Amino acid sequence: MMSDASPALPSTRPRSRLRASFSEWSDRHFRWLLVVPAVLLILSLSIYPLAFSLWVSFVNYDFQIPGHAFVGLKNFAMVISDPVARRSLILTVLLSAADVVIELGLGLALALAMVRRFPGRGLVMSILIVPLFISPVIVGQAWTLLLQRPFGPTNYLLGQLLGHEVTIGWLTEAPWLYIALIIADVWQWTPFMFVILLAGLTAIPPNLYEAAELDGVGGWQAFRLITLPQIAPIVSLAAIFRLLDAVRLFDTIFIMTGGGPGTRTYTSSYYLYTVGFTQFHLSQATAGAWIFLILISVLVGLLVKRLVKAEPA
Amino acid sequence: MNDRERREFEAGLAAEVDVWLRGEPTRRSFIKRFGQMTGMLAVSGPLLGSISRSALAQAAAQLADPTTPLGQAQAAALKASTEGPADGSAYRAVQAAKKLQGVTLNMTYEAGLQALDPRHFSGPMWEQLTGNKSNVVELSHPDQYSKPVAEHIAGSGAYDILDIEPAWTPSLADGGVIAPLDDYIAQYMNKADFDDYHPLFKALPTYKGKIWGFFDDGDMFALYYRKDVFADPKLKDAYGKKFGKPLEVPKTWEDYAQVAQFITDQMAPDLYGAGHFRKAGSPGNQFDFLQQFRANRGEFFDGDMKAQLASPAGIKTLENMIAANKASIPGNNELDAVSLWAAFLQGKVAMIYSWPPTGRMAANYSQSDTAINFIPRSSIAGKVGYAVVPGNPEHATGYSKALAADSANPEAAYLFMQWATSPPVSLARTMLPYALRDPYRLSHYKSELYGALWPDAKEYLVNLCNSANVGLLDMIMPGWQDYALSLDRMCSSVWAGADPKAALETAAAEWDQTTERLGVDSQKAFYAEYRKLPGSSADHTVEALGMAVKL
Amino acid sequence: MPARRRSRRWPAIGRFIFLGLFVAFVLAPLYWMFVTSIKPSDDYLANPPVWFPAEPTTVHYTAALFAYRGLQGLINSLIVSSAATVLSVLIGTAMAYSLARFNTGGRHLSFWVLSQRFLPPIAVVLPIFLIYRGVGLHDTRLGLVIAYTVFTLPVSVWMMLAYFRSMPRSMEDAALVDGCTQWQAFWQVAVPLAAPGIAAAAVFAFIACWTEFFFALVLTSRTAFTLPTVFRAFLGFQGAQYGEASALAIVSLAPSIALGVLAQRHLVRGLTLGAIRG
Numbered sequence: 281m282m283s284d285a286s287p288a289l290p291s292t293r294p295r296s297r298l299r300a301s302f303s304e305w306s307d308r309h310f311r312w313l314l315v316v317p318a319v320l321l322i323l324s325l326s327i328y329p330l331a332f333s334l335w336v337s338f339v340n341y342d343f344q345i346p347g348h349a350f351v352g353l354k355n356f357a358m359v360i361s362d363p364v365a366r367r368s369l370i371l372t373v374l375l376s377a378a379d380v381v382i383e384l385g386l387g388l389a390l391a392l393a394m395v396r397r398f399p400g401r402g403l404v405m406s407i408l409i410v411p412l413f414i415s416p417v418i419v420g421q422a423w424t425l426l427l428q429r430p431f432g433p434t435n436y437l438l439g440q441l442l443g444h445e446v447t448i449g450w451l452t453e454a455p456w457l458y459i460a461l462i463i464a465d466v467w468q469w470t471p472f473m474f475v476i477l478l479a480g481l482t483a484i485p486p487n488l489y490e491a492a493e494l495d496g497v498g499g500w501q502a503f504r505l506i507t508l509p510q511i512a513p514i515v516s517l518a519a520i521f522r523l524l525d526a527v528r529l530f531d532t533i534f535i536m537t538g539g540g541p542g543t544r545t546y547t548s549s550y551y552l553y554t555v556g557f558t559q560f561h562l563s564q565a566t567a568g569a570w571i572f573l574i575l576i577s578v579l580v581g582l583l584v585k586r587l588v589k590a591e592p593a
Numbered sequence: 010m011n012d013r014e015r016r017e018f019e020a021g022l023a024a025e026v027d028v029w030l031r032g033e034p035t036r037r038s039f040i041k042r043f044g045q046m047t048g049m050l051a052v053s054g055p056l057l058g059s060i061s062r063s064a065l066a067q068a069a070a071q072l073a074d075p076t077t078p079l080g081q082a083q084a085a086a087l088k089a090s091t092e093g094p095a096d097g098s099a100y101r102a103v104q105a106a107k108k109l110q111g112v113t114l115n116m117t118y119e120a121g122l123q124a125l126d127p128r129h130f131s132g133p134m135w136e137q138l139t140g141n142k143s144n145v146v147e148l149s150h151p152d153q154y155s156k157p158v159a160e161h162i163a164g165s166g167a168y169d170i171l172d173i174e175p176a177w178t179p180s181l182a183d184g185g186v187i188a189p190l191d192d193y194i195a196q197y198m199n200k201a202d203f204d205d206y207h208p209l210f211k212a213l214p215t216y217k218g219k220i221w222g223f224f225d226d227g228d229m230f231a232l233y234y235r236k237d238v239f240a241d242p243k244l245k246d247a248y249g250k251k252f253g254k255p256l257e258v259p260k261t262w263e264d265y266a267q268v269a270q271f272i273t274d275q276m277a278p279d280l281y282g283a284g285h286f287r288k289a290g291s292p293g294n295q296f297d298f299l300q301q302f303r304a305n306r307g308e309f310f311d312g313d314m315k316a317q318l319a320s321p322a323g324i325k326t327l328e329n330m331i332a333a334n335k336a337s338i339p340g341n342n343e344l345d346a347v348s349l350w351a352a353f354l355q356g357k358v359a360m361i362y363s364w365p366p367t368g369r370m371a372a373n374y375s376q377s378d379t380a381i382n383f384i385p386r387s388s389i390a391g392k393v394g395y396a397v398v399p400g401n402p403e404h405a406t407g408y409s410k411a412l413a414a415d416s417a418n419p420e421a422a423y424l425f426m427q428w429a430t431s432p433p434v435s436l437a438r439t440m441l442p443y444a445l446r447d448p449y450r451l452s453h454y455k456s457e458l459y460g461a462l463w464p465d466a467k468e469y470l471v472n473l474c475n476s477a478n479v480g481l482l483d484m485i486m487p488g489w490q491d492y493a494l495s496l497d498r499m500c501s502s503v504w505a506g507a508d509p510k511a512a513l514e515t516a517a518a519e520w521d522q523t524t525e526r527l528g529v530d531s532q533k534a535f536y537a538e539y540r541k542l543p544g545s546s547a548d549h550t551v552e553a554l555g556m557a558v559k560l
Numbered sequence: 007m008p009a010r011r012r013s014r015r016w017p018a019i020g021r022f023i024f025l026g027l028f029v030a031f032v033l034a035p036l037y038w039m040f041v042t043s044i045k046p047s048d049d050y051l052a053n054p055p056v057w058f059p060a061e062p063t064t065v066h067y068t069a070a071l072f073a074y075r076g077l078q079g080l081i082n083s084l085i086v087s088s089a090a091t092v093l094s095v096l097i098g099t100a101m102a103y104s105l106a107r108f109n110t111g112g113r114h115l116s117f118w119v120l121s122q123r124f125l126p127p128i129a130v131v132l133p134i135f136l137i138y139r140g141v142g143l144h145d146t147r148l149g150l151v152i153a154y155t156v157f158t159l160p161v162s163v164w165m166m167l168a169y170f171r172s173m174p175r176s177m178e179d180a181a182l183v184d185g186c187t188q189w190q191a192f193w194q195v196a197v198p199l200a201a202p203g204i205a206a207a208a209v210f211a212f213i214a215c216w217t218e219f220f221f222a223l224v225l226t227s228r229t230a231f232t233l234p235t236v237f238r239a240f241l242g243f244q245g246a247q248y249g250e251a252s253a254l255a256i257v258s259l260a261p262s263i264a265l266g267v268l269a270q271r272h273l274v275r276g277l278t279l280g281a282i283r284g
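First to last, the protein sequences are chains A, B and C.
Quick note: the first sequence uses this note's numbering, first residue 281, plus one each step.
Quick note: the second sequence uses this note's numbering, first residue 10, plus one each step.
Quick note: the third sequence uses this note's numbering, first residue 7, plus one each step.
Hints were generated in silico from the structure; no laboratory data involved.
Honestly, I wouldn't trust all of these hints.
In silico SDA-like links for lysine to any residue, alpha-carbon gap of 20 Å or less [claimed, not checked]: (1) B:335 <-> A:453; (2) B:156 <-> C:140; (3) B:156 <-> C:122; (4) B:335 <-> A:447; (5) A:354 <-> B:526; (6) B:510 <-> A:364; (7) A:354 <-> B:386; (8) A:354 <-> B:518; (9) B:335 <-> A:448; (10) B:156 <-> C:229; (11) B:236 <-> B:417; (12) A:585 <-> C:124; (13) A:585 <-> C:111; (14) B:156 <-> C:161; (15) A:585 <-> C:161; (16) A:585 <-> C:142; (17) B:156 <-> A:342; (18) B:156 <-> C:124; (19) A:354 <-> B:528; (20) B:156 <-> C:111; (21) A:354 <-> B:522.
Please read these numbers as outputs of a predicted model, since none were measured by experiment.
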């Protein structure tokens, strides 16, 4: 492939002694120098604000009550004792789990269907990944337009298909409500799973299948014994990555249901947003955010350890 | 890299990428090219930005044809600003502002239609008159509260004039976000203009004895109904036979549900009796609940500031609302104000109660401007009657103009506020077809020019005034946001099937929590102050206090 | 050679039906949004639904782009997203190389960087707002670029880390043996070889910046506002502008789709080469 074994190398003789010593110094500390810009950025814009927000969660930072008196764990207690906070956490877990499972299944099916070339595959591929590039706000808007009553076309279409009038309240009636939210999320993120799984599938060495055929193992068995184990690391990678994003579900809820009816579609992010930016109880929202952060970190810790293990040495 | 390793490594790559990799000079050039592209974008950014900015630059004030009523109102406003009367607020504001040349004012407005007024009319006209420019900061409704608060916390002075809900006045005043106007008023304003406000709106921006803003938008709910449906002889006949009384515009909520259900039974699916904006967060539920609750003589708090929502009045209110929902157009529980307007304008609903733009839209007046293209043309123009909402109507939000405490140009900001809300200028502004500002001055209600906008406009104005006479105000207290949110959540869960009593008790518990968080004693004091305002309860309306305005 | 698999579990018909259905599923909301954006207002809240308007109009587009300043939001989004992507990928690649080749900082550093991804924005948005106000970065494109770089850095690092970890060192070792400095081995050997991974990381970073809403909402105002924030303006309670919102959504799809088509080839490869090698 490459004609000569090495690319054209620049001259390695330094021009001046200063340059030499600088280049030597930077070579020795190379690994740290590479890391410095990232660390600096994160320190300034992540760590400092986090420290500030930690302070906020221990004082009173409610706009309507003057002063920033220290209140100990009161903010945390308010969050923990709030039934809405608890319910939103449960809903977050359920919704994101459902999302990831469905996306995984559909993504796998899509990847299997697309792995072989056929005329027009490039076009289909381009269409399939479009949802990834769309802002979740727009996704929520698009689905709202489709589903809302009485003017969205969904019920009308369903009515035509099924022959009788369909009066499902997609944005207000449980369980259709949750189905609608899941559909919107699945619409947007299945392509993500699909792309990753496709990469995994195409990287399976073909000789494995050739050997299996020689051994008389065909079809479904080959899928179970070869394909699945080969893509298992990728599947877990993709699932973990997606799950950690899905727990922050906010934009579609904001647009489609406004958290309603009542508080039935409050996810944790939406709850925090309501408390912090609608009601402006900033200290309570920050305390809630910290609790949520701790919960996620535990989850991350467990899963990333799996991630790091799943990677080849 | 030996051959085997290389082959294995590249086995995982598609043929296309192989080809790409093989072209050695192109490896780095990809990164280079990408970098160049973005660099170009970054550099052209300012250029593109200035192009788009000039395309959007504030044009000269768009004035209507001077032979139309709107054009005449605008000409009158211009005249009052330039020629006098010399003691008029408009004239005095302009004269004083001319001395403060070259100031740029940042004013917050609700994004979308509301912002078209300062961008196409009042802003350019003010610049024409005084040389002071205006920057409109468009914010969504919730941001109109949170952004000024955030900017105040940061001490940035980013805004000069704030458009706020009158109900936010106590929070913002106590929080130091807005400044009192009394000194400027004494210096520049024609006091008689205060008496031109309808009594319901007059006291709204006052708090702790000071004036914190100028009221600017009379958002009275009113009932809009199809005259032709109510005059239909067959319907009248059937109704009389069924209920033993004539079919007429309902005056109580029980009648309302009965009439709506009757019309739906008779005429669905071509026409339904009623429609409401019930969507969670739309906002609408809290206003409807508040007006009916108080019409049923419900009290918000008892002597110890405990919420009294779970009272017989509360249950009756929810039951009436549920009955009304049953009689409504399908999808009622997902409608927001705009989709309800669409349903009404397309002739699908016989009665709605909503904000004042309803009347202008029903008459096809609003749609005369291309900016309003989110609602259909009215198919019911000329068939719409106006009535007062059964019981008592709610004054749902409204707007005041307030002065930001951190403003660097308080005097210039104040003068604009005084000018924009002065009688002649505010009349021109409320007459704009695309504006969502509604009449609030007696001079608006009595205006011949406004009354000439469409055949029934006079009746529409009279109805708004009568509504204000018996109108009820939102809770003007700290925590209003939280109380309203609890009501909205309660209502939407009941529409989805929750038990009304349980939902009321949950909401009452949330209210108590909010009260405790803000301090029971201070809330008690605020509540007492609020009770003194005309319109705070059904026994304490403008009419009950003998101040009703008869037109 | 591209891996050839004998596909047995998908008889061709079933495959095409499934793909067809899914493609229709993907296209349906987009089609409806497009149609809503060209319908005159009389049509789009009509029942039964109007599938294609008799009199399509472009008034929603002009309103959305100019009256509601969607064009400025679009341009700002393009600038900010591109700049943040470049920075994020550059800095992230550098850090990932260090972590992969030298195990700098061990597990802790890499874990720390990755975990930044999961910061709930609400916890940090007010302090960042105050910082920006203090240093004058509020409502500037530069400020947003910096914030987005930080916000997308963890993913860039993570993706490039996986890629570098699985890339054999032999070429760099050969270069070092030949007398290159570490920098040269990095910049002139490793980076070009990692180009597919960089492309994939860039695509993901761009998407994240392009669609980010919350920080843009808080950190911008009249000048540097981005496209997602313009949508918020369309949610007024007395003026929900379906047509304008749809028009703006369709317009904002164009760069996204262009990027997607360009990246589609490399996306699949560069994404997880690391994780599957072994």
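For the pair supplied as a hint, residue 335 of chain B and residue 453 of chain A, confirm whether the alpha-carbon distance does not exceed 20 Å. holds (15 Å)
Between the alpha carbons of residue 585 of chain A and residue 124 of chain C, is the straight-line distance 20 Å or under? holds (15 Å)
If you draw a straight line from the CA of residue 156 of chain B to the CA of residue 140 of chain C, is it 20 Å or shorter? Cα-Cα ~16 Å, so holds.
Does residue 142 of chain C lie within 20 Å of residue 585 of chain A when you go C-alpha to C-alpha? violated (40 Å)
Pairwise hint evaluation, residue 229 of chain C against residue 156 of chain B, where the allowed Cα distance is 20 Å at most: Within the cut-off at roughly 15 Å; holds.
Compare the distance between the alpha carbons of residue 156 of chain B and residue 161 of chain C with 20 Å, and conclude whether the hinted pair is satisfied. Cα-Cα ~31 Å, so violated.
Straight-line Cα separation of residue 354 of chain A and residue 386 of chain B no greater than 20 Å? violated (54 Å)
Does residue 122 of chain C sit within 20 Å of residue 156 of chain B, going by the straight-line distance between their CA atoms? It is violated: about 27 Å lies between the C-alpha atoms, which goes past 20 Å.
Quick one, are residue 335 of chain B and residue 448 of chain A close enough, alpha carbons at most 20 Å? Roughly 15 Å between the alpha carbons, so the hint for residue 335 of chain B and residue 448 of chain A holds.
Is residue 236 of chain B within 20 Å of residue 417 of chain B, Cα to Cα? At roughly 53 Å apart (the allowed maximum being 20 Å), residue 417 of chain B and residue 236 of chain B break the hint.
20 Å limit on alpha-carbon distance, applied to hinted pair residue 156 of chain B and residue 124 of chain C: Status violated; Cα separation ~26 Å.
Can you confirm whether the C-alpha distance between residue 585 of chain A and residue 161 of chain C stays at or below 20 Å? holds (16 Å)
In summary, the structure is inconsistent with hints 3, 7, 11, 14, 16, 18, 20 from the numbered list given earlier, while agreeing with the others.
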